[in-house]
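Engineer: The hints should help you fit chain U onto chain B, whose structure is shown.
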Amino acid sequence: MTTEIGARLRAAAREDGLVAALRLLNEETGGGALAHGPAGHAVAPVAPAAPAGGTATVVRTIELHGDTLVALRDPQGRRARPAWSLGLLWLRLGLSEALLDHCLAYLGERTSGDTPLLLQQMVKGQLAEAVTDHLEIETLLAGTEPDDLGDDTAAWLHERVTRADRTLLRLLGGSGFRADGPGATADVSELLADAYAGRDRTEEVNR
Amino acid sequence: MIELDDRLLVLRRYAREWGADLAGLALDLERSPELVHKHLDLPGVSFLSRTPIPAEYNPHPLVLDGHRFYGVGGLERVTFCEEFAAADVGMLLAAPGPSLSGVFVALLGDERQKEWFFGRLLERPTWTFFALTEPERGSDAGSLRSALRPAPDGETLLLDGAKRFIGNAARADLGVVFARTRPGPLGVVAALVETAQPGFRATPFPTVGLRGNQVSQVTLDGVEVPAGRVLGRHLSPTRRGLAGAVRGFNRLRPGVAALGVGIARGAYEYVLANRRSLTAGERADLDAMGRGIEGVRQLVRRAALAIDHDDPALGYLASAAKARAARLAEEVTLRATGFFGAGARLEHPLLDKFVRDARGVEYMEGTRNIQRLNVFQGLTQGRLPRG
Chain B
1 MTTEIGARLR AAAREDGLVA ALRLLNEETG GGALAHGPAG HAVAPVAPAA PAGGTATVVR
61 TIELHGDTLV ALRDPQGRRA RPAWSLGLLW LRLGLSEALL DHCLAYLGER TSGDTPLLLQ
121 QMVKGQLAEA VTDHLEIETL LAGTEPDDLG DDTAAWLHER VTRADRTLLR LLGGSGFRAD
181 GPGATADVSE LLADAYAGRD RTEEVNR
Chain U
1001 MIELDDRLLV LRRYAREWGA DLAGLALDLE RSPELVHKHL DLPGVSFLSR TPIPAEYNPH
1061 PLVLDGHRFY GVGGLERVTF CEEFAAADVG MLLAAPGPSL SGVFVALLGD ERQKEWFFGR
1121 LLERPTWTFF ALTEPERGSD AGSLRSALRP APDGETLLLD GAKRFIGNAA RADLGVVFAR
1181 TRPGPLGVVA ALVETAQPGF RATPFPTVGL RGNQVSQVTL DGVEVPAGRV LGRHLSPTRR
1241 GLAGAVRGFN RLRPGVAALG VGIARGAYEY VLANRRSLTA GERADLDAMG RGIEGVRQLV
1301 RRAALAIDHD DPALGYLASA AKARAARLAE EVTLRATGFF GAGARLEHPL LDKFVRDARG
1361 VEYMEGTRNI QRLNVFQGLT QGRLPRG
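Chains as they are written, first to last, in this note's numbering: chain B, 1 to 207; chain U, 1001 to 1387.
Next up, chain B with everything else stripped away, as it sits in the complex (with noise of 0.2 Å):
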């Protein structure tokens, strides 16, 4: 992967938001197949037609902002090629910074006494944090070739954005919390990343 792709995406989820972004990585770097998971998941945009006879099946349906999601199953789908998997972490650094750039709005709007809350002290130590955590991973990942990004490391860093949009989130308040707001939108980041990164422990489970 080019850097100049990853800068698209990033570009693409900070700016017109998670589906497009993931539209733009499937057509970018899918080469024509559905990415899928260590353990055979995939999150895609729309329902694809399972062929007939297929493995796969559909274990949730995810409604974010009038688009729909499903979430497949498919033992046999094809794993998420490095350059996606890559791409898949410069989508969620820009649906991070997205959250971030919400969250300056929305907290240089509200006010406690006559003071907006992005002057407050806490809240200026925690945007700091986000914003680190962002430098953080953006520079871990620039120049990052696909094949250099280990499975450990790109869960270490899905967990990376997964805390930084958390951190976010909790300086919204209740406003973070709603489904028809960027709550959501880190929600369905947090499936992403649930889909696609960690190993398969299948055959740990109890069933």
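Accuracy of the hints is not assured; some may be wrong.
As the list claims (entries may be wrong) - Across the chosen pairs, the derived CB separations fall in these ranges: (1) U:E1115 x B:E129: 48 to 56 Å; (2) B:Q76 x U:S1143: 57 to 65 Å; (3) B:P116 x U:T1380: 43 to 51 Å; (4) B:G125 x U:A1151: 43 to 51 Å; (5) B:G125 x U:D1006: 25 to 33 Å; (6) B:M122 x U:H1037: 40 to 48 Å; (7) B:P116 x U:P1150: 31 to 39 Å; (8) U:R1120 x B:Q76: 55 to 63 Å; (9) B:M122 x U:S1143: 14 to 22 Å; (10) B:D180 x U:L1035: 18 to 26 Å; (11) U:R1233 x B:D16: 36 to 44 Å.
Claimed, not checked - Some but not every residue of chain B turned toward chain U, in silico, with C-beta under 8 Å: (12) D152; (13) A179; (14) D180; (15) A197.
Stated by the list, open to error - Away from chain B, derived, C-beta distances all over 12 Å, residues of chain U: (16) A1020; (17) R1164; (18) T1181; (19) Y1363.
Simulated from the structure, these hints should not be mistaken for lab results. Yeah, the Cβ is synthetic: ideal placement off N, Cα and C, and Gly gets one too.
Structural biologist: Relative to the frame of chain B, chain U by itself:
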């Protein structure tokens, strides 16, 4: 360590059994919050519909193994809150009953108000709501703008304003609304409001979790409130104003903190029940989670005992407990998914629900930052016990 006595151990045992019934309904309730209407006879829902009601207004309390339960004590409340939340916090928050409003009526209401409010709740399962939070201003009671003004007839009051993030408002018959009669801290009042009154409108909106609670936005457009429904009319303005409200919130907060402990415990127990052949490292991680849960549980119990003992440090202890419980719920639920690897949330809907519900604990009864500021005040003003 703060341990439960024999009476509360009985309550915990029953609440755990009742919780098992609720857990089986958790996912269905999340899809269809109205499902709660079909389960009013479940022992857990029935218990919630009748608590907290003080003994003098409840002639027929729940009796378990010879012990009477009214749901009014601090330690009693956090005990059953944790048990229900470990099963499904959605049903706990969807259930009818006095809930948060009951705590305020018990604290600030006069005899007639208590008889009217608790009497209504004992007639049949009745939902209540509790409306403090406002658009743009959040849960800062000092800056609220909803207004209670005299009606032209001089007999009644009229309520105008807007509220946000109000659980059960769309299914409630009555509840407590915070409003202002004049500027300043003494102008803050809590009033009992009936939702059937013209001008009351509640509209549920979608949330990431806690869907059983049907969180709503409420508009109040000239809602009529009899003068006798303003809580604390028999108290001095300093006891019924903002200071009275703060006393009430302090009494609610340990229960909210217990929800966080319960959600964390639910996720922890889900791992225990559904993972096999843990490695030594995983076992160590899980043990650490268990210790973390016990630590916050002790903080919550300490705050709960401060209610029962009228401890002046209650507010600060409750804030410390609530901030830690919100953090615990988020951290433990996220760590629990790691035990199931890729696709954990997609393959384990109950665990997924714990992850989403945990986020809701943060904003109930004040965010972590608000609680930290309160703890800081207790520290610097010498009101937080430090040995």
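Engineer: Compare the structure with each hint and give your call.
Structural biologist: Against the structure, the hints come out as follows:
no.: 1; hint: U:E1115 x B:E129: 48 to 56 Å; verdict: holds (52 Å)
no.: 2; hint: B:Q76 x U:S1143: 57 to 65 Å; verdict: holds (58 Å)
no.: 3; hint: B:P116 x U:T1380: 43 to 51 Å; verdict: violated (24 Å)
no.: 4; hint: B:G125 x U:A1151: 43 to 51 Å; verdict: holds (48 Å)
no.: 5; hint: B:G125 x U:D1006: 25 to 33 Å; verdict: violated (46 Å)
no.: 6; hint: B:M122 x U:H1037: 40 to 48 Å; verdict: holds (42 Å)
no.: 7; hint: B:P116 x U:P1150: 31 to 39 Å; verdict: holds (35 Å)
no.: 8; hint: U:R1120 x B:Q76: 55 to 63 Å; verdict: holds (59 Å)
no.: 9; hint: B:M122 x U:S1143: 14 to 22 Å; verdict: holds (18 Å)
no.: 10; hint: B:D180 x U:L1035: 18 to 26 Å; verdict: holds (23 Å)
no.: 11; hint: U:R1233 x B:D16: 36 to 44 Å; verdict: violated (56 Å)
no.: 12; hint: D152; verdict: violated (12 Å)
no.: 13; hint: A179; verdict: holds (4 Å)
no.: 14; hint: D180; verdict: holds (6 Å)
no.: 15; hint: A197; verdict: holds (7 Å)
no.: 16; hint: A1020; verdict: holds (18 Å)
no.: 17; hint: R1164; verdict: violated (7 Å)
no.: 18; hint: T1181; verdict: holds (21 Å)
no.: 19; hint: Y1363; verdict: violated (4 Å)
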